[in-house]
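Engineer: Chain by chain, the residues run as shown.
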Amino acid sequence: AQSVSQHNHHVILSEAASLELGCNYSYGGTVNLFWYVQYPGQHLQLLLKYFSGDPLVKGIKGFEAEFIKSKFSFNLRKPSVQWSDTAEYFCAGGGHPYSSASKIIFGSGTRLSIRP
Amino acid sequence: GAVVSQHPSRVICKSGTSVKIECRSLDFQATTMFWYRQFPKKSLMLMATSNEGSKATYEQGVEKDKFLINHASLTLSTLTVTSAHPEDSSFYICSARDSARTEDTEAFFGQGTRLTVV
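Respectively, the protein sequence lines represent chains A and B. Mapping of the first sequence onto our numbering: residues 1270 to 1385, in sequence order. Mapping of the second sequence onto our numbering: residues 9 to 126, in sequence order.
Hints are computed from structural coordinates only; laboratory data are not their basis.
Here's a subset of chain A near chain B, in silico, CB distances under 10 Å, partners left out:
{"no.": "1", "residue": "1305"}
{"no.": "2", "residue": "1307"}
{"no.": "3", "residue": "1311"}
{"no.": "4", "residue": "1312"}
{"no.": "5", "residue": "1318"}
{"no.": "6", "residue": "1363"}
{"no.": "7", "residue": "1373"}
{"no.": "8", "residue": "1375"}
{"no.": "9", "residue": "1376"}
Simulated crosslink set (EDC-like; lysine to aspartate or glutamate; CA at most 20 Å straight-line):
{"no.": "10", "chain 1": "B", "residue 1": "72", "chain 2": "B", "residue 2": "95"}
{"no.": "11", "chain 1": "B", "residue 1": "74", "chain 2": "B", "residue 2": "30"}
{"no.": "12", "chain 1": "B", "residue 1": "63", "chain 2": "B", "residue 2": "106"}
{"no.": "13", "chain 1": "B", "residue 1": "22", "chain 2": "B", "residue 2": "95"}
{"no.": "14", "chain 1": "B", "residue 1": "22", "chain 2": "B", "residue 2": "96"}
{"no.": "15", "chain 1": "A", "residue 1": "1330", "chain 2": "A", "residue 2": "1354"}
{"no.": "16", "chain 1": "A", "residue 1": "1338", "chain 2": "B", "residue 2": "111"}
{"no.": "17", "chain 1": "A", "residue 1": "1338", "chain 2": "A", "residue 2": "1289"}
{"no.": "18", "chain 1": "B", "residue 1": "50", "chain 2": "A", "residue 2": "1357"}
{"no.": "19", "chain 1": "A", "residue 1": "1327", "chain 2": "A", "residue 2": "1289"}
{"no.": "20", "chain 1": "B", "residue 1": "50", "chain 2": "A", "residue 2": "1354"}
{"no.": "21", "chain 1": "B", "residue 1": "50", "chain 2": "B", "residue 2": "96"}
{"no.": "22", "chain 1": "A", "residue 1": "1318", "chain 2": "A", "residue 2": "1354"}
{"no.": "23", "chain 1": "A", "residue 1": "1327", "chain 2": "A", "residue 2": "1354"}
{"no.": "24", "chain 1": "B", "residue 1": "49", "chain 2": "A", "residue 2": "1354"}
{"no.": "25", "chain 1": "A", "residue 1": "1372", "chain 2": "B", "residue 2": "114"}
{"no.": "26", "chain 1": "A", "residue 1": "1327", "chain 2": "B", "residue 2": "114"}
{"no.": "27", "chain 1": "A", "residue 1": "1372", "chain 2": "B", "residue 2": "60"}
{"no.": "28", "chain 1": "B", "residue 1": "49", "chain 2": "A", "residue 2": "1357"}
{"no.": "29", "chain 1": "B", "residue 1": "50", "chain 2": "B", "residue 2": "67"}
{"no.": "30", "chain 1": "A", "residue 1": "1318", "chain 2": "B", "residue 2": "114"}
{"no.": "31", "chain 1": "A", "residue 1": "1318", "chain 2": "A", "residue 2": "1357"}
{"no.": "32", "chain 1": "A", "residue 1": "1327", "chain 2": "A", "residue 2": "1357"}
{"no.": "33", "chain 1": "A", "residue 1": "1372", "chain 2": "B", "residue 2": "67"}
{"no.": "34", "chain 1": "A", "residue 1": "1372", "chain 2": "B", "residue 2": "106"}
{"no.": "35", "chain 1": "B", "residue 1": "72", "chain 2": "B", "residue 2": "96"}
{"no.": "36", "chain 1": "B", "residue 1": "28", "chain 2": "B", "residue 2": "73"}
{"no.": "37", "chain 1": "A", "residue 1": "1372", "chain 2": "B", "residue 2": "71"}
{"no.": "38", "chain 1": "A", "residue 1": "1318", "chain 2": "B", "residue 2": "106"}
{"no.": "39", "chain 1": "B", "residue 1": "49", "chain 2": "B", "residue 2": "95"}
{"no.": "40", "chain 1": "A", "residue 1": "1340", "chain 2": "A", "residue 2": "1289"}
The C-beta atom is built at its ideal place from N, Cα and C for all residues, glycine as well.
Take these sequences, add in the hints, and give me the full structure.
Structural biologist: Written out as structure tokens, the structure reads:
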């Protein structure tokens, strides 16, 4: 069965600290992976996505993620966080567009709190 | 970028009534749309996949008779919560995939609808 899991439920960091949020997936076949961010009171925004090619994906706001197929992982990273990065982060995955697994499944989310 | 519009953004209804939520893709066609439900401080739970011109595919545990989905055109899907109860109060989010993009599954999200049943 398709699944996406995030093991960090709440992460608290100080400004300028480095960030890594874990995401593991379980999919048969081709998988597309995403990281979304939801700032307090706002709707989902796409941070970055991986479809194919270079496994190191760079997104907006200085975020990047690395697709490691052997580990079934797609961890989100940022070298130096800012207070404004306080938000909920969701990892998501979807299968090939025209397969029965094309629906996008979300992980449980990680709440990131940044101390000024 | 592609835009998905949801309407209304907030709705309050009385218990026992029905509420319709619209999801529109504004600048692309979408043969597939997804409906999610998000509980407070929780993740998005996929409720159903809406397919233009055919029946929606519901996830396990989602009552298809309670959450009616209609995807009548390539730019519009509707979710109707029938005989709403307070426990249906939640944040409902739709997303849509661009039919012209055949190589990836990226979906674009609406701003969500806050449903409160009193």
